[in-house]
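Student: Sequence:
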Amino acid sequence: MPTGSRKSLESPALVPDFRALVLAVVKRIPKGKLASYGQVAALVGFPQRPRQVGMVLSGLSEGTKLPWHRVVNNRGYVPSRGRWWGAFEQIGRLRDEGIEVDDLGNLDLEAHRWVPRS
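Following full-length UniProt numbering, the numbering of the sequence shown begins with 1 at its first residue and continues without gaps.
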């Protein structure tokens, strides 16, 4: 089995630097741009693990400087998953950066999608 294929089959929990990889990618997303959980997962080598990216971001400390709010659902909305206060904060931060988000959290992901340089 090729090495690249094996990596994508491993659980991110078994990869000691998965969290660090996710945080490094999210840190690179510029103001006014967005990435999906799946996009971040693919960039760290685990394209089938967007939920794990969400788990990493949900575990961040309050007051973190990391631009976690720039990572959204691939369908173009801010998911609340029962944590409406976090969704309100995310919507507010995105609006502050000039991204139009309606009151339900819908936005145009493709208009603001971040395309990282190699």
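For the record, the hints were derived by calculation from the structure and aren't laboratory data. In this text, all values refer to a predicted model and were calculated from it rather than measured experimentally. Take these hints with a grain of salt, some might be off.
[To be verified] Straight-line distance between alpha carbons at most 20 Å, and here's what the computed PhoX-like set of lysine-lysine pairs gives:
1) K65 to K27
2) K65 to K31
3) K65 to K33
Student: Take a quick look at whether K65 and K31 sit within 20 Å of each other, Cα to Cα.
Tutor: Answer holds: K65 to K31 is near 13 Å, not above 20 Å.
Student: Regarding the pair K65 and K33, is the alpha-carbon distance no greater than 20 Å?
Tutor: Holds - the C-alpha atoms of K33 and K65 are around 16 Å apart, at most 20 Å.
Student: Holds or violated: K65 and K27, Cα atoms, limit 20 Å.
Tutor: holds (9 Å)
When the structure is compared with the earlier hints, no violation turns up for any of them.
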